[in-house]
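Student: These are the residues of each chain, in order.
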Amino acid sequence: MVAQAAREIRDGERVFVGLRLPLIAFVVAKRTHAPNAVGLFELGVVRDAPAAELLYTMGDNPNVAGAVWCARTIDLMGLLQRGDVDAGFIGGAEVDVHGNLNTTAIGSDRTHPTVQLPGSGGGADIASLAHRLIVIMPHDKRRLRASVDFITSPGHGTGGDWRARVGLPRGGPSVLITTLGVFRFVDGSAVLDSYHPGASVDRIREATGWSLRVAPTVRETDAPSEEVLAIIRQYDPHGFWTRRGE
Amino acid sequence: MVAQAAREIRDGERVFVGLRLPLIAFVVAKRTHAPNAVGLFELGVVRDAPAAELLYTMGDNPNVAGAVWCARTIDLMGLLQRGDVDAGFIGGAEVDVHGNLNTTAIGSDRTHPTVQLPGSGGGADIASLAHRLIVIMPHDKRRLRASVDFITSPGHGTGGDWRARVGLPRGGPSVLITTLGVFRFVDGSAVLDSYHPGASVDRIREATGWSLRVAPTVRETDAPSEEVLAIIRQYDPHGFWTRRGE
Amino acid sequence: MTSKVVSLREAVARHVPDGASIALGCALEPAIPFAFAHELIRQRRMGLELIGPISDIAFDQLIGAGCVARVSAAWVGNVSAGLAHAYRRAMEQGVPRRIEVRDHSNFSIAQALLAGALGAPYLPTRTLLGSDIPRANGTFREATDPFSGERVLLIPAITPDVAVIAVQRADEDGNAHLWGPWGVTQEAALAAKSVLVLADEIVERAVIASDPNRTIVPGTKVTAVVRQPGACHPSPLQGRYRRDHEFFHEYHNATRSLAGFEAWIAEWVTGVADRDAYLRKLGARWEALRESGKPAFEVRF
Amino acid sequence: MTSKVVSLREAVARHVPDGASIALGCALEPAIPFAFAHELIRQRRMGLELIGPISDIAFDQLIGAGCVARVSAAWVGNVSAGLAHAYRRAMEQGVPRRIEVRDHSNFSIAQALLAGALGAPYLPTRTLLGSDIPRANGTFREATDPFSGERVLLIPAITPDVAVIAVQRADEDGNAHLWGPWGVTQEAALAAKSVLVLADEIVERAVIASDPNRTIVPGTKVTAVVRQPGACHPSPLQGRYRRDHEFFHEYHNATRSLAGFEAWIAEWVTGVADRDAYLRKLGARWEALRESGKPAFEVRF
Numbered sequence: 001m002v003a004q005a006a007r008e009i010r011d012g013e014r015v016f017v018g019l020r021l022p023l024i025a026f027v028v029a030k031r032t033h034a035p036n037a038v039g040l041f042e043l044g045v046v047r048d049a050p051a052a053e054l055l056y057t058m059g060d061n062p063n064v065a066g067a068v069w070c071a072r073t074i075d076l077m078g079l080l081q082r083g084d085v086d087a088g089f090i091g092g093a094e095v096d097v098h099g100n101l102n103t104t105a106i107g108s109d110r111t112h113p114t115v116q117l118p119g120s121g122g123g124a125d126i127a128s129l130a131h132r133l134i135v136i137m138p139h140d141k142r143r144l145r146a147s148v149d150f151i152t153s154p155g156h157g158t159g160g161d162w163r164a165r166v167g168l169p170r171g172g173p174s175v176l177i178t179t180l181g182v183f184r185f186v187d188g189s190a191v192l193d194s195y196h197p198g199a200s201v202d203r204i205r206e207a208t209g210w211s212l213r214v215a216p217t218v219r220e221t222d223a224p225s226e227e228v229l230a231i232i233r234q235y236d237p238h239g240f241w242t243r244r245g246e
Numbered sequence: 001m002v003a004q005a006a007r008e009i010r011d012g013e014r015v016f017v018g019l020r021l022p023l024i025a026f027v028v029a030k031r032t033h034a035p036n037a038v039g040l041f042e043l044g045v046v047r048d049a050p051a052a053e054l055l056y057t058m059g060d061n062p063n064v065a066g067a068v069w070c071a072r073t074i075d076l077m078g079l080l081q082r083g084d085v086d087a088g089f090i091g092g093a094e095v096d097v098h099g100n101l102n103t104t105a106i107g108s109d110r111t112h113p114t115v116q117l118p119g120s121g122g123g124a125d126i127a128s129l130a131h132r133l134i135v136i137m138p139h140d141k142r143r144l145r146a147s148v149d150f151i152t153s154p155g156h157g158t159g160g161d162w163r164a165r166v167g168l169p170r171g172g173p174s175v176l177i178t179t180l181g182v183f184r185f186v187d188g189s190a191v192l193d194s195y196h197p198g199a200s201v202d203r204i205r206e207a208t209g210w211s212l213r214v215a216p217t218v219r220e221t222d223a224p225s226e227e228v229l230a231i232i233r234q235y236d237p238h239g240f241w242t243r244r245g246e
Numbered sequence: 001m002t003s004k005v006v007s008l009r010e011a012v013a014r015h016v017p018d019g020a021s022i023a024l025g026c027a028l029e030p031a032i033p034f035a036f037a038h039e040l041i042r043q044r045r046m047g048l049e050l051i052g053p054i055s056d057i058a059f060d061q062l063i064g065a066g067c068v069a070r071v072s073a074a075w076v077g078n079v080s081a082g083l084a085h086a087y088r089r090a091m092e093q094g095v096p097r098r099i100e101v102r103d104h105s106n107f108s109i110a111q112a113l114l115a116g117a118l119g120a121p122y123l124p125t126r127t128l129l130g131s132d133i134p135r136a137n138g139t140f141r142e143a144t145d146p147f148s149g150e151r152v153l154l155i156p157a158i159t160p161d162v163a164v165i166a167v168q169r170a171d172e173d174g175n176a177h178l179w180g181p182w183g184v185t186q187e188a189a190l191a192a193k194s195v196l197v198l199a200d201e202i203v204e205r206a207v208i209a210s211d212p213n214r215t216i217v218p219g220t221k222v223t224a225v226v227r228q229p230g231a232c233h234p235s236p237l238q239g240r241y242r243r244d245h246e247f248f249h250e251y252h253n254a255t256r257s258l259a260g261f262e263a264w265i266a267e268w269v270t271g272v273a274d275r276d277a278y279l280r281k282l283g284a285r286w287e288a289l290r291e292s293g294k295p296a297f298e299v300r301f
Numbered sequence: 001m002t003s004k005v006v007s008l009r010e011a012v013a014r015h016v017p018d019g020a021s022i023a024l025g026c027a028l029e030p031a032i033p034f035a036f037a038h039e040l041i042r043q044r045r046m047g048l049e050l051i052g053p054i055s056d057i058a059f060d061q062l063i064g065a066g067c068v069a070r071v072s073a074a075w076v077g078n079v080s081a082g083l084a085h086a087y088r089r090a091m092e093q094g095v096p097r098r099i100e101v102r103d104h105s106n107f108s109i110a111q112a113l114l115a116g117a118l119g120a121p122y123l124p125t126r127t128l129l130g131s132d133i134p135r136a137n138g139t140f141r142e143a144t145d146p147f148s149g150e151r152v153l154l155i156p157a158i159t160p161d162v163a164v165i166a167v168q169r170a171d172e173d174g175n176a177h178l179w180g181p182w183g184v185t186q187e188a189a190l191a192a193k194s195v196l197v198l199a200d201e202i203v204e205r206a207v208i209a210s211d212p213n214r215t216i217v218p219g220t221k222v223t224a225v226v227r228q229p230g231a232c233h234p235s236p237l238q239g240r241y242r243r244d245h246e247f248f249h250e251y252h253n254a255t256r257s258l259a260g261f262e263a264w265i266a267e268w269v270t271g272v273a274d275r276d277a278y279l280r281k282l283g284a285r286w287e288a289l290r291e292s293g294k295p296a297f298e299v300r301f
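Protein chains in written order, with this note's numbering: chain A, 1 to 246; chain B, 1 to 246; chain C, 1 to 301; chain D, 1 to 301.
Hints listed in this document are in silico derivations from the structure and should not be mistaken for laboratory results.
Don't take each hint at face value.
In silico DSS-like pairs for lysine-lysine, Cα to Cα no more than 30 angstroms straight-line [said to hold, decoys possible]:
1. K4/C - K193/C
2. K4/D - K193/D
3. K294/D - K281/D
4. K294/D - K294/C
5. K294/C - K281/C
6. K4/D - K281/D
7. K281/C - K4/C
8. K4/D - K294/C
9. K4/C - K294/D
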C-alpha cells in the first residue's frame, strides 16, 4: 500500500502529506522517482527533504528541524485553497463508491453516535481543495460501504459534476488504494484498476460494500521493488506504521 | 502642539502612534505621565520603550531594534479592528468641523485633482477603528474648512450618530490639536476648548474655515513644562520635525 | 510594568472561571499545555468549552474528567495511537456527561480564530462545501460570493475567553517567543479576550527584544505568565524536549475502560500536587526526552 | 533542485512583461527593492500596475518614468519629505501620462492581499465605512453581515502577477529569511502568481533550514532569486544598512520640476549600469550607512 501510494506522487509536486502511511510514501517517493517533491504539513511545516527519523506525528521535533518553512496552519491552508497544492493523502473509517469519506462518527445520529471517530482534522480541507486526492484505506467490507453515515471529506458526492454543483473549486479523489487493490475514479465512481499480489478481483468483490466495477484492463498491481522495500524497512524498522496490516 | 498631544495619551494605553509629531508626543508621554503606554506601528511593530534616537519613519532600524513584537501589518490592524487600540493619532491636509479628514486629493474630481495628496496610509483605518482619534493639524483657514473635498478618514460625518449609521463600530475624533488651540468634539462637532499661549479666540476664529463654536469654559492652553520642552529638544535637537511651525 | 508572573495554580484559580471557553493545544501536535489541562482537572473546573484544532489527548482527558460542556474542534483523538476513549464514552454513552460538539476542520477552526484575531465577523471559504460538517456544526452559513456569483461558506469568528499557549520563553510582561510550528496559536492568542502564557523559562525583556520577529503574542494581550518547565509533556517542545510516544500509547491502552481512565487520572493528575511533582514522577524517563537542538544561524537587528 | 539564481537584469527581462501587476515595497518603509524599480525603468517596462501599501518614493519614480498604468496603493509620497512630485504631475497634469488610481488604506490593501494569500474571494471589514475611499476605489462592495445584520465592506482579493521582495538572505531555491517588519510582504508573496526574491546574500540551504520560522516565503512559491547587496537603498534593511534620510530629501527637492525629475533619473537610474554601479557612485556615503546590528539571542531547533 505504501509503495503504491508513493507511485502516486509525481516529481516536483507539492503534496499535503498527512501522517501515518502517507509520510512513508513521501519518503519513498522522494528517494526514488520524485526527488523534487515538496511536503506540506498542515500544522505549518514545509520540507523538501524527509525527516531524518521515523515520525509518529507531523509535529515531532525531527520534522521541524531542517524544514525550509515553519509557519502557521492558515498559511498552508491558504496555499491549498489557492490551488497551489497538487495532491493530498487521506484515509478514513469509511469510504463510499464516490470516494466520500467518513472520519466523524458511525451511526445515523451525529449527536448520539454508535462509534465516535476523531473527526476531520485537515482531511476535509484536503479533500475539498487539493487538485488530486489520494485515499488510503484498509480493505474491509465495513469500511468500503455503499454509502457512508457522514460525509466528513467530500469525494465526488453522488458522482458526475457534483463537486462543481456544491461549489468545490476543483479536485476530488483520483485513486483509492486499499490493502487489496487500487481503484481509479471514472466519472466520480471507483473502478478497480488492479489487485495486489495475492489478492484477486473475486476476493475484492467479496470485501467491498458496493457493486464492484472492474476496469477492462484490470491487472495485478506491480510489486514494490527491492529498493522500495529496503527504504520502507530502513525508515520504519520496527514496523510501527507498516506492520498494522497496512 | 507636541506637548498637548502627549497629554492626550493616558498611562497604560495602547496607542497607534504614526509618524512625525505623534512619535515625539509618544516619547514625551512615556517619559512623563504615561510610562506604561504601549506604541503600535502599523508596519508591524509594537514597542513599550521609545526608540533610542530620532526617527524619520516608523520603519527606521532603531524603531525595530528593541521592539517587543515585530509582525505583520494585518496583525496590528486586527488589534485595531477588534477594539484593542485605545487611541490613534493622525493629521491631514484638510479637516472639517466634524473631524472628517482629507489626505487624498484637493479638488472636486478625484480623477483630476487640483492637488494630489499622498492618500490614506493607515490613517483612514485608525479613524475608522480606534476608540479615540487625536487629530493634529497646522492651523490655517485652507486646512480647517467648512467641508473637505474628500473624506479619507471618517470623523463624525455629519455629526450626531452618523458613525453608527454608516456602520463604524466605535470611535471618532475626540480632540483636534492645532498650532493655535485645542478643540473637543461635542455631539460630533468641534468646539474650541483652549487657545495656545500667544493665540486668542479671535485669531482662531479668523483662521478657521467654519463658524467657530467656543466652549463656555474656554481658557489658555497650559504651557508645556520645562521638563517636557527638554525632552522634545533632546529627542529632536535639530528640530527636524518640531521646527516646521508645528 | 508590574510582573504578570503567577503560579499555575493561581493562573487557573484567578483567570479561568467555570463555563469559560478555552483555546488550547493550538500548535496542533507540539506545545500542548498538558500541565494547564491537568490543573483545570485538579481544580474541578466545570462546563468549559474547549476550542482547538487537534489537541491530541488533552481534550480527551478534560472530557473524561467531566470538565467539558462543549468541544469546538477539528479532531479529538490520540494522534499516534488511535481513538480517544473518554471522548467516545461521552459521545456514545453520555459518560461522565453528555457534551455538545461543534465539528470543524483544521481550516475552518483556523479561519474562525483568524476572523477573531482580525476583528472580522466571518471569513468566506470554499472548503467544506459538500461536507456534512457545516450542517453538524450549525454555526456556518452558505452564501453567494457577490463578486463571482459562486457559493461560499461563511465561518463566523471565534473569540475564546482564554487562550492558553505554551512557549519556550517569555518575559514577565508576557511577550512570548515560540519557535517550531505555530499552527493556530497566534490567531487564537490575538482572538482571545485573555491570554495565559506557560513559559519553559522566564527571560529578561532584552532577550525578547533582541528578536521581536520571534514574538508570537505581545505582552499587551497577556493576562498572566506562568514559569512551568516541562509544561507540554507528553507532547514535544521544539529544541527543549521530544514527544513521549510511549506515554500516548500507554494512555490509550490504560483508558479503554472507565475504571482505567479514572485510575490513570488518579495516578497522573489528581495524584500529583503539580507539574513539578509529575516530572519527578516521570524521573529518568523525563530526563531522557530532553534535548538541546541545533542552534539557529545568527541574525542581527 | 536547479538553482533559481539569475541576475537582476535577467529577472526583469524574463519574468516581468509589460502590463504586469507588481506588488512592491510591501514591508512599508523598510526593505523596498529600489534596485528592482530602477531596473524596470532601465528596461522601459510599460503599462504596469503597482500594488503596495506605502512604497515611499519607489512608486513615484516608476510613475514619473512612465512605466505605470495603474496604482493600487494606500499612500504614494515621500515619507520623511512630503508629497510625491511625479505622482502629482501624473494625476494633476497627465505628465508623462495619465494613470488610474485605486485608492486603498493600509488595512484594505493588507486584507486584499491576505484574501489572495488565503485563496478567499474577499474579506469583510468594518474599516472605511463612511470614508470616500470605497467609492473612489470602485472594487469594494458594501454588504450586510448575515450573522449580526451589521454593515460590512467586502474587500476583494488581489493576486499580483509578481511580488518582488527584498530580504537579508535566501537560498538558491528562494527559501527566504526576512527579519524586521514584514508589513504585507508575506501576504503579497503568498498571493502572487510569481515571486522574485532580491537577497542581500545567498546562503546555503542549511542556514535557512536552521531557523524555518524566519522564512517569509518558501522556495516552492519563488520563480527567481537575485543576489543583490544594497538592493533597498535609500530604504533600510534591518541589521544591514540604515535609511538614507538625506537621499529622500534630496530627491524631494530635485524632482519638483519635470526637468529636475528627468535629470535625477538620468543620474541615478538610466545613467548607471546596474545596482553595483549605483552603490559605487554612492561611495563613502553608502559605506557610512552600513551597520551590523545586535545579535538575536540564541534559539535551538
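Student: Hint by hint, which ones does this structure get wrong, listed from lowest number up?
Tutor: The structure conflicts with no hint, since it agrees with every one listed earlier.
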